[in-house]
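The whole structure should be built from the sequences, with the hints applied where relevant.
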Amino acid sequence: MPNKEVELVEQLLDKTRARAIAWEPTARDNEFVSSFKGQATFTVSKYDDPSYYGESFKLIMRDPENREMLIFDSRSGFVALDRCLPALYRAAHDSALKVEETLDAILDNLKNAS
Amino acid sequence: MAWKPIWYWVRSNWGSLVSLVGLLVSFATLLVAKAAKEAAEDAKSEARRRNLADELDEAQRKTEQLGSYLAQEKWEIVLLRSQEVVTSCSQILRRWGPEQLSETSRDHILIAQQQAGSIAQVAITAPRTKPTELDLRRLSRAQHKALQLLSNETAEIAGKIETR
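Chains as they are written, first to last, in the numbering used here: chain A, 3 to 116; chain B, 59 to 222.
Just so you know, nobody snuck in bad clues.
Calculated lysine to aspartate or glutamate pairs in the EDC-like style (CA-CA distance at most 16 Å, straight line):
(1) A:K60 - A:D50
(2) A:K39 - A:D65
(3) A:K17 - A:D96
(4) B:K188 - A:D31
(5) B:K218 - B:E157
(6) A:K39 - B:E161
(7) A:K39 - B:E157
(8) B:K132 - B:D193
(9) A:K60 - A:D84
(10) A:K39 - B:D165
(11) A:K60 - A:D75
(12) A:K48 - A:D96
To give a feel for the contact side, a few chain B residues facing chain A, derived at Cβ under 8 Å:
(13) S148
(14) E161
(15) D165
(16) I169
(17) G175
(18) L197
(19) A200
Output of the computed footprint for chain B on chain A, the stretches with three or more beta carbons under 8 Å from beta carbons of chain B:
(20) 17-29
(21) 66-79
The set of hints was computed from the structure by calculation and includes no laboratory data. Just so it is clear, CB atoms sit at the ideal spot from N, CA and C, and this is done for glycine as well.
This is the structure we're talking about:
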C-alpha cells in the first residue's frame, strides 16, 4: 500500500481527534460520514466479515459525483490499516455521537449534585 | 460688452472647443457602456443564482417526499427518491463552482448527498429484511439531516437573490 494512502488515514485520525474534522451518523448502523472542503466525502464503517473472527472496518473516499475513489479495508492485509482504521472508526463514532461532550456534561452534573 | 472678447476667443479656438466636446461625449459614452455591461453581468449572475436556487429547491422537495415515503415504509419509492436526491446533489456540485457555492455550502450538499445515499442502501435490503424500530429512527434522522442541510442552502441562495 502506498505511503500516501496510509498517511491519509493517519491524518484523518489526527484531525478527528483534534476535532478539526466532524463526523455524522448515517442511516446505516455503525457508519459515519464526513466531508472535506467541499471536495470529497469519507465514510467509515464497522461490519462483520464471516471469513474473519472479530470486527472489520472500512473507509471509502468518494468524489462530489459520489464515485468511489479509494477504499481501505482493515482486512486487506496491511498492518498499518489494521491499526489505523479501528482507531479512526472509534474516533469518528465519538465525534458523531458527541461522546466526550456528553461525558463532560454528565461529570459536571454529578460533581454539582454531590 | 463683456461677451465680445469671449466671442473672439471662441472664434480663434473653435477647433479646440469641438475637440473638447468630442472628448466629453466619448467619455460619457464610455461611462454608459460600462454601466450597461455591469448591469448585464449582474442580470446574468442573478439568473444563474435563480437557476441554482431552483435546483436546490428541487432537491429539497425530493428529500421532503422521501420523508413521506419513509413514514409509509414504501421502500421501492424510498429507493427511487433517495437515488434522485443523490443525483440532484451530484449535478448541483458539478454545475456550480466556488463563485456560486462556498466551501461550506459544498460540504453541506455533500453530506446531504451521502445521507440520501445511505438511505438508498438501507432501502435496497428493506423489502427482504424488514427494518427494525432502531433502523427506522436512523433512517428518519438521516432524512431529516439531509432536508435540513438542503433547505438551509436553498434559503441562503434565495436570501442572496432578494438582497440584490
